[in-house]
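> Here are the chains, one letter per residue:
Protein chains: 2
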Amino acid sequence: MVNSAVIGYYTTQFGELWERSLMDLLKEALFGALTETGLQIDQIDAIFFSNMLSGVLDNDLHLGAKISEIIGQNIPIFRTESACASGGMAFHLGLNYLRSGSGKTVLILGGEKMTDYDLETITTSLASAASEEEQQAGLTFPGLYGLLAQSYLSTFNYTEENLAHISVKNHYHGSFNEKGHFQNQLSLQQVMSSPYVASPLKVLDCSPISDGAAAIVLTVDANLINKSPHKIKVLTSQVATDTISLKDRQNLLELKATKIASEKAFKACGLTPKDINLVELHDCFTIAEILALEDLGFWEKGRGGAEAVKQKTRFDDNDGLIVNTSGGLKASGHPVGATGIKQIGELFLQINGLATSRQIQSCNYALTHNVGGSGGTAVVNIFSNYED
Amino acid sequence: MVNSAVIGYYTTQFGELWERSLMDLLKEALFGALTETGLQIDQIDAIFFSNMLSGVLDNDLHLGAKISEIIGQNIPIFRTESACASGGMAFHLGLNYLRSGSGKTVLILGGEKMTDYDLETITTSLASAASEEEQQAGLTFPGLYGLLAQSYLSTFNYTEENLAHISVKNHYHGSFNEKGHFQNQLSLQQVMSSPYVASPLKVLDCSPISDGAAAIVLTVDANLINKSPHKIKVLTSQVATDTISLKDRQNLLELKATKIASEKAFKACGLTPKDINLVELHDCFTIAEILALEDLGFWEKGRGGAEAVKQKTRFDDNDGLIVNTSGGLKASGHPVGATGIKQIGELFLQINGLATSRQIQSCNYALTHNVGGSGGTAVVNIFSNYED
Numbered sequence: 001m002v003n004s005a006v007i008g009y010y011t012t013q014f015g016e017l018w019e020r021s022l023m024d025l026l027k028e029a030l031f032g033a034l035t036e037t038g039l040q041i042d043q044i045d046a047i048f049f050s051n052m053l054s055g056v057l058d059n060d061l062h063l064g065a066k067i068s069e070i071i072g073q074n075i076p077i078f079r080t081e082s083a084c085a086s087g088g089m090a091f092h093l094g095l096n097y098l099r100s101g102s103g104k105t106v107l108i109l110g111g112e113k114m115t116d117y118d119l120e121t122i123t124t125s126l127a128s129a130a131s132e133e134e135q136q137a138g139l140t141f142p143g144l145y146g147l148l149a150q151s152y153l154s155t156f157n158y159t160e161e162n163l164a165h166i167s168v169k170n171h172y173h174g175s176f177n178e179k180g181h182f183q184n185q186l187s188l189q190q191v192m193s194s195p196y197v198a199s200p201l202k203v204l205d206c207s208p209i210s211d212g213a214a215a216i217v218l219t220v221d222a223n224l225i226n227k228s229p230h231k232i233k234v235l236t237s238q239v240a241t242d243t244i245s246l247k248d249r250q251n252l253l254e255l256k257a258t259k260i261a262s263e264k265a266f267k268a269c270g271l272t273p274k275d276i277n278l279v280e281l282h283d284c285f286t287i288a289e290i291l292a293l294e295d296l297g298f299w300e301k302g303r304g305g306a307e308a309v310k311q312k313t314r315f316d317d318n319d320g321l322i323v324n325t326s327g328g329l330k331a332s333g334h335p336v337g338a339t340g341i342k343q344i345g346e347l348f349l350q351i352n353g354l355a356t357s358r359q360i361q362s363c364n365y366a367l368t369h370n371v372g373g374s375g376g377t378a379v380v381n382i383f384s385n386y387e388d
Numbered sequence: 001m002v003n004s005a006v007i008g009y010y011t012t013q014f015g016e017l018w019e020r021s022l023m024d025l026l027k028e029a030l031f032g033a034l035t036e037t038g039l040q041i042d043q044i045d046a047i048f049f050s051n052m053l054s055g056v057l058d059n060d061l062h063l064g065a066k067i068s069e070i071i072g073q074n075i076p077i078f079r080t081e082s083a084c085a086s087g088g089m090a091f092h093l094g095l096n097y098l099r100s101g102s103g104k105t106v107l108i109l110g111g112e113k114m115t116d117y118d119l120e121t122i123t124t125s126l127a128s129a130a131s132e133e134e135q136q137a138g139l140t141f142p143g144l145y146g147l148l149a150q151s152y153l154s155t156f157n158y159t160e161e162n163l164a165h166i167s168v169k170n171h172y173h174g175s176f177n178e179k180g181h182f183q184n185q186l187s188l189q190q191v192m193s194s195p196y197v198a199s200p201l202k203v204l205d206c207s208p209i210s211d212g213a214a215a216i217v218l219t220v221d222a223n224l225i226n227k228s229p230h231k232i233k234v235l236t237s238q239v240a241t242d243t244i245s246l247k248d249r250q251n252l253l254e255l256k257a258t259k260i261a262s263e264k265a266f267k268a269c270g271l272t273p274k275d276i277n278l279v280e281l282h283d284c285f286t287i288a289e290i291l292a293l294e295d296l297g298f299w300e301k302g303r304g305g306a307e308a309v310k311q312k313t314r315f316d317d318n319d320g321l322i323v324n325t326s327g328g329l330k331a332s333g334h335p336v337g338a339t340g341i342k343q344i345g346e347l348f349l350q351i352n353g354l355a356t357s358r359q360i361q362s363c364n365y366a367l368t369h370n371v372g373g374s375g376g377t378a379v380v381n382i383f384s385n386y387e388d
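Line by line, the protein sequences give chains F and B.
One point on numbering: in the numbering used here, the residue at position 29 of the first sequence is 29, and numbering is uninterrupted.
One point on numbering: in the numbering used here, the residue at position 45 of the second sequence is 45, and numbering is uninterrupted.
Everything labelled a hint here was simulated from the structure, so no lab data went into it.
Among these hints, one or two may not hold up.
Stated by the list, open to error - Here are the simulated distance ranges between beta carbons:
| hint | chain 1 | residue 1 | chain 2 | residue 2 | range |
| --- | --- | --- | --- | --- | --- |
| 1 | B | F156 | F | I41 | 49 to 59 Å |
| 2 | B | S154 | F | I41 | 42 to 52 Å |
| 3 | F | G38 | B | W18 | 54 to 64 Å |
| 4 | B | E133 | F | G38 | 31 to 41 Å |
| 5 | F | L188 | B | I70 | 24 to 34 Å |
| 6 | F | D24 | B | E300 | 57 to 67 Å |
| 7 | B | N3 | F | F31 | 36 to 46 Å |
| 8 | F | C269 | B | I41 | 19 to 29 Å |
Stated by the list, open to error - Derived contacts from chain B toward chain F, CB cut-off under 10 Å, selection only:
| hint | residue |
| --- | --- |
| 9 | M52 |
| 10 | G64 |
| 11 | A83 |
| 12 | R99 |
| 13 | S100 |
| 14 | K104 |
| 15 | S125 |
| 16 | L204 |
| 17 | P208 |
| 18 | G375 |
To be verified - Below are the SDA-like pairs computed for lysine to any residue, each with C-alpha atoms no more than 20 Å apart in a straight line:
| hint | chain 1 | residue 1 | chain 2 | residue 2 |
| --- | --- | --- | --- | --- |
| 19 | B | K27 | F | S245 |
| 20 | F | K267 | B | K104 |
| 21 | B | K301 | B | D319 |
Every residue gets a Cβ at the ideal spot worked out from N, C-alpha and C, and that includes glycine.
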């Protein structure tokens, strides 16, 4: 298969950006990524664009043509939506586009504008990713993940403290990420004393509502890869889906889509979890990071609660596996359409030594994990250093 | 490039289907297409799903996972949205997926549920595909195409009657399509005496608000193609975008995205418009069929108004070019997410001799043309008989 590489990355600030529109953010990310790579817009063959909520929140659809207007080009622009996995799906489709021979270089762009709305509106809008029955029952995403957390804690005899350590660790990482939504560290006591959102999840177990956009440049052009000072190699991208309704799952202790996508990913590139030392995963809630590390094969099922307490997945204190150096969704924020792209961008920064004060020492293989809804969609990508 | 073929097609009834939900319709189309091909669901490697409005109208997103629930499979399911071109874009991405080697057989599925809402809600929701400025000015899609029609009629000295003939012709075709929304013929007098929606467009110049779903099975599996009794060969699929705002276009007499996509398509397969004798194109309004036939290269710019009057693109009375045997969007209906897929399905029926009372005599090469918004996105696909 033809070699493909990410050769550039740009992210806007993530946070409550009340003075910026979605289009402002997308424009900044799009041209930011071009500037990083030194490419002109006419060197981009297509754009894969991810966004979840602009239709629901702002009656704003067909953003492909609106992006065409910004760039003054008539290239194909595809929008994909798979709830919070939209960014990962856009990357996957962009990669397939290149591998099909339809183009040489594409831009993967994602963004979301979420903080201009009251909390009820935004929570209800996000619940659009849940099943009709779950929505009618009044379940929101904290509620759904609260059920998963209850099941996990009771089955394996853990307490809410086991969850809280994930938040402490991710906020520690986030304190080194100047583009992140939150840059404050949290103590265990702070997380534990925060109010409940959906028991056993407290507000500091939950990723925030954020604005932001991110873009990467992906290419199969060997000359361009060769000339690029910064790059990471794409080894594989895999997608799986699962029933969205929790009631239809055989097992609430695992997210099957994550399991299937990661098994396919490891098989496709001939690696095992032991080979990976850097992961950006989908910690929309603290329980989600624990489930993900188990379902991706890094920790045995049920061990995650105990492992979380050790906090040994830090960039500066670990046993060989480092998780969410960006601060994850929890600290760096979760502007839905941007998240899956920012995850890849974080690996790009780390592998190329561009991660400033949170730079890890070395990385052979790295993985991203992006989830839609309560596990209905999962995208797992594996990357490496680019060796010519 | 590896050969790819459409090997099955199913469409639900299009129309005002108040007793059916979107999921009902999608399920019928999905399993209908499988039944047509004799395939089991586990022979499908991925689904490409198109829908425009379920988020906006029904707070219903992440439909990939909801489709996974229906089929009980964990395969990748991608949703794409490019307004009324969503179906064509899903097909394009599905084709690229197969050509990248990621799978052998995919299902392209699209649907829309539009008739449960009052006209103001649906018109405003559809306007989500227009620019913010156009929306704020109160422009709806009839308004935008009304401006295009005014420009065309005044530049080339035509009258509203030139437009009306398109509607008469498409309703004639529609009278032979038992799955279509409208199966009544219309006289020129009926079209001309219908009330204005946005001058010069009258209600009978406009495609209707419809419910419906459609699905096709697309494969690169040579054995499967060989065994399939019915098939059409995919020669090329091309996409282009353009500024969505009419005010930013250099020329209101053509849809540039259509022009670019069709030029790329003809070049890619070494054909010219003269080689094509069957077209399903995007006649969301009567003016759109005239512009499309010019921009696709079948008629010189400005000739369309005169050609329309001749009504010589009928399946049973033509000069070698037959247009919209399904009845087009005008008569067969326009459930947005389904439209681009139904267009391909109509060619599949015609080329395989399955088009019952509207069957054409023969077809060498056929083309579909699917548009988003007022021309912001265009997808052009070319097909042929499948010769082993």
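> Compare the structure with each hint and give your call.
Results of checking the hints against the structure:
The beta-carbon spacing between B/F156 and F/I41, approximately 35 Å, falls outside the hinted interval of 49 to 59 Å. Between B/S154 and F/I41 the beta carbons are some 35 Å apart, a value that contradicts the proposed interval 42 to 52 Å. A C-beta distance of roughly 56 Å is found between F/G38 and B/W18, which places it inside the suggested range of 54 to 64 Å. The hinted window of 31 to 41 Å between B/E133 and F/G38 holds, with their beta carbons roughly 33 Å apart.
Between F/L188 and B/I70 the beta carbons are some 43 Å apart, a value that contradicts the proposed interval 24 to 34 Å. Between F/D24 and B/E300 the beta carbons are some 42 Å apart, a value that contradicts the proposed interval 57 to 67 Å. Evaluation of the 36 to 46 Å hint for B/N3 and F/F31 yields a pass: the beta carbon distance comes to about 40 Å. The hint said 19 to 29 Å for the Cβ distance between F/C269 and B/I41, and at roughly 28 Å that hint holds.
Taking 10 Å as the C-beta cut-off, the interface hint given for B/M52 holds, the closest approach to chain F being about 6 Å. Residue-level restraint check for B/G64 holds (minimum Cβ-Cβ distance to chain F is 5 Å; threshold 10 Å). Hint status for B/A83 relative to chain F: holds, with the closest Cβ pair at about 4 Å, below 10 Å. The criterion of a C-beta within 10 Å of any C-beta in chain F is met by B/R99, whose closest approach is roughly 4 Å, and the hint holds.
Using the Cβ-Cβ criterion of 10 Å, the hint placing B/S100 at the interface with chain F is satisfied: the shortest such distance is roughly 4 Å. Using the Cβ-Cβ criterion of 10 Å, the hint placing B/K104 at the interface with chain F is not satisfied: the shortest such distance is roughly 14 Å. Restraint check, B/S125 versus chain F: the minimum CB separation of about 7 Å is within 10 Å; hint holds. With a least beta-carbon distance of about 26 Å to chain F, the hint placing B/L204 at the interface is violated under the 10 Å criterion.
Annotation: interface hint on B/P208 violated; nearest CB of chain F at approximately 20 Å, more than 10 Å. Below 10 Å, beta-carbon pairs count as interface contacts, and B/G375 has one with chain F at about 8 Å; its hint therefore holds. This hinted pair checks out: B/K27 and F/S245 have alpha carbons roughly 17 Å apart, not beyond 20 Å. Restraint check for F/K267 and B/K104: satisfied, since their Cα atoms lie roughly 19 Å apart, inside the 20 Å limit.
This hinted pair checks out: B/K301 and B/D319 have alpha carbons roughly 19 Å apart, not beyond 20 Å.
Violation of the numbered hints given earlier is confined to hints 1, 2, 5, 6, 14, 16, 17; the remaining hints are satisfied by the structure.
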